[in-house]
Amino acid sequence: KQEVTQIPAALSVPEGENLVLNCSFTDSAIYNLQWFRQDPGKGLTSLLLIQSSQREQTSGRLNASLDKSSGRSTLYIAASQPGDSATYLCAARSSGGYNKLIFGAGTRLAVHP
Amino acid sequence: NAGVMQNPRHLVRRRGQEARLRCSPMKGHSHVYWYRQLPEEGLKFMVYLQKENIIDESGMPKERFSAEFPKEGPSILRIQQVVRGDSAAYFCASSPPSINYGYTFGSGTRLTVV
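Protein sequences appear in the order of chains A and L.
Numbering of the first sequence is given in the working numbering, commencing with residue 14 and proceeding in unit increments.
Numbering of the second sequence is given in the working numbering, commencing with residue 6 and proceeding in unit increments.
Treat the hints as calculated values from the structure; they're not laboratory data.
A virtual CB, placed ideally from N, CA and C, is assigned to each residue, including glycine.
One thing to keep in mind: the hints can contain errors.
[Said to hold, decoys possible] Going by beta-carbon spacing under 10 Å, a handful of chain L positions derived as facing chain A:
1) Phe50
2) Ser63
3) Phe70
Using the sequences provided together with the hints, build the complete structure.
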């Protein structure tokens, strides 16, 4: 059974810092891993999708890496801005369990000016 | 190309009433997933459907909850005889048949049971 854990649960940083959010998963037999952003009271916005054959994906100031063998993914945010404040969720799509996405509890990020 | 459409955005029901949540997947997406997010908690899988078939309902409570995805029309998540503990945000996602694509989520339906 796939379990996804995110560390830290919450993070508060000053504007301009580079950040690393961590995600670990127990079952390395995944098809892909997806990072999402959720603003308070809103839906989920997909940020990056990494296939199991890939090591990383980049979009603007965001870079996500994947290490299947160790069951870890990291989301790197460069030069953080107040507008980055949100909850960041990672989700793993396992090869078992009908391929559904399993979510971590999220990292709540606050970037203050 | 419209995204995943969920309605209503907000739904208030009295205890004992029925709640019906609708989800129209993205064009070209034949797989639909429902998730529930309780206050201050993560997203929990409920059910995975394809047209006219329930593929995996392992996350759905055995009683009072049901889901369908008919040949025509949106997917429906139905909660009968709602209780206060059903108050949550319900999110629908869709994906193409290929596992190489990610999920696209709707904006959710926030159910409040009074």
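For each hint, the structure was consulted:
1. Phe50: holds, 5 Å
2. Ser63: holds, 8 Å
3. Phe70: This interface hint is violated because 17 Å lies over the 10 Å limit.
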